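Visitor: In the UniProt record's numbering, the protein residues as written are 1 to 226.
Treat the hints with care, since some could be wrong.
[Unchecked claim] The list that follows gives simulated cross-link-like pairs (lysine-lysine, BS3-like), each with its CA atoms no further than 27 Å apart:
#, residue 1, residue 2
1, 22, 148
2, 85, 105
3, 203, 85
These are calculated hints, taken from the structure and not from any lab test.
Owing to the predicted nature of the structure, the values given are computational and were not obtained by experimental measurement.
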Amino acid sequence: MAYYWPHLYLLFFIVILWVLEKCFPKAMERAEENLLIIVISSIMAVSFGQVIARYGFNTGWDAALEFNTVAFSWLILLGMSYGIKTGIHLGVDIVINAVPKPIAKALSLFGAFAAIMYGLILLDATWLSMLGIDARGGAIEYWTKMFKIGIGTEELRYPVFMQEMFDLRPRVQRWLVLIILPISLAMLSYRSLQAFIDIARGKRDMLISGHEAQDLVNANKDSLKD
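Produce the complete structure using the sequences and hints provided.
Guide: Structure below.
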């Protein structure tokens with residue numbers, strides 16, 4: 001049973017997320033967007049500060065590169081599910097637009113289903129053994145190993161006052177940095193399931209944004225006339 005406690009926590013997280021989005025849709029949408037903005041802003045702030053410190057004062061933050069690497073990975077992983085939710089992932093829709101609507105809908109449903117399976121397999125591939133496929137491992141297993149081992153990151157360290165106040169080891173635990181991996185994959189499957197349901201109900205046409213560039217051109221074609 002101990003093996004499944006991360007799975008139960010993730011399921012609980014998704015249920016809580018679903019309830020909050022049902023009760024406070026606007027607030028949750030802003031919260032998700034603000035989180036992405038904070039991550040992007042932190043990358044820019046650290047990069048800019050590092051340039052000023054290095055070229056202006058011949059100093060710098062030793063952990064700046066690792067921080068930006070971690071923050072950028074968080075941005076990508078969080079952006080996967082956000083892109084599914086908002087339909088901003090770019091894709092090729094020439095086939096979908098060339099076939100009749102029932103077939104196009106079936107293809108879109110298949111795409112959403114594939115995204116669900118992609119997230120679940122990367123999250124934990126052990127369940128594939130029920131289908132006769134010899135597979136194991138995934139984000140949950142990897143994160144659990146890091147949690148048990150408790151090793152730290154290369155350069156990221158807690159502030160001295162936190163080390164003294166909470167009796168922490170100097171380096172930030174790697175499992176804290178990697179916790180976004182199972183969470184983001186669970187959210188990817190969850191958002192893909194939402195998209196699958198919306199496509200099935202006719203509330204959404206497809207998983208991707210196939211004509212984003214053309215839409216931008218059409219929206220701004222009259223802006224230079226004046």
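Visitor: Does each hint hold? Answer for all of them.
Guide: Hint by hint, here is what the structure shows:
no.	hint	in the structure
1	22 x 148	violated, 35 Å
2	85 x 105	holds, 18 Å
3	203 x 85	holds, 13 Å
In terms of the numbered hints stated before, the structure departs from hint 1 and from no other.
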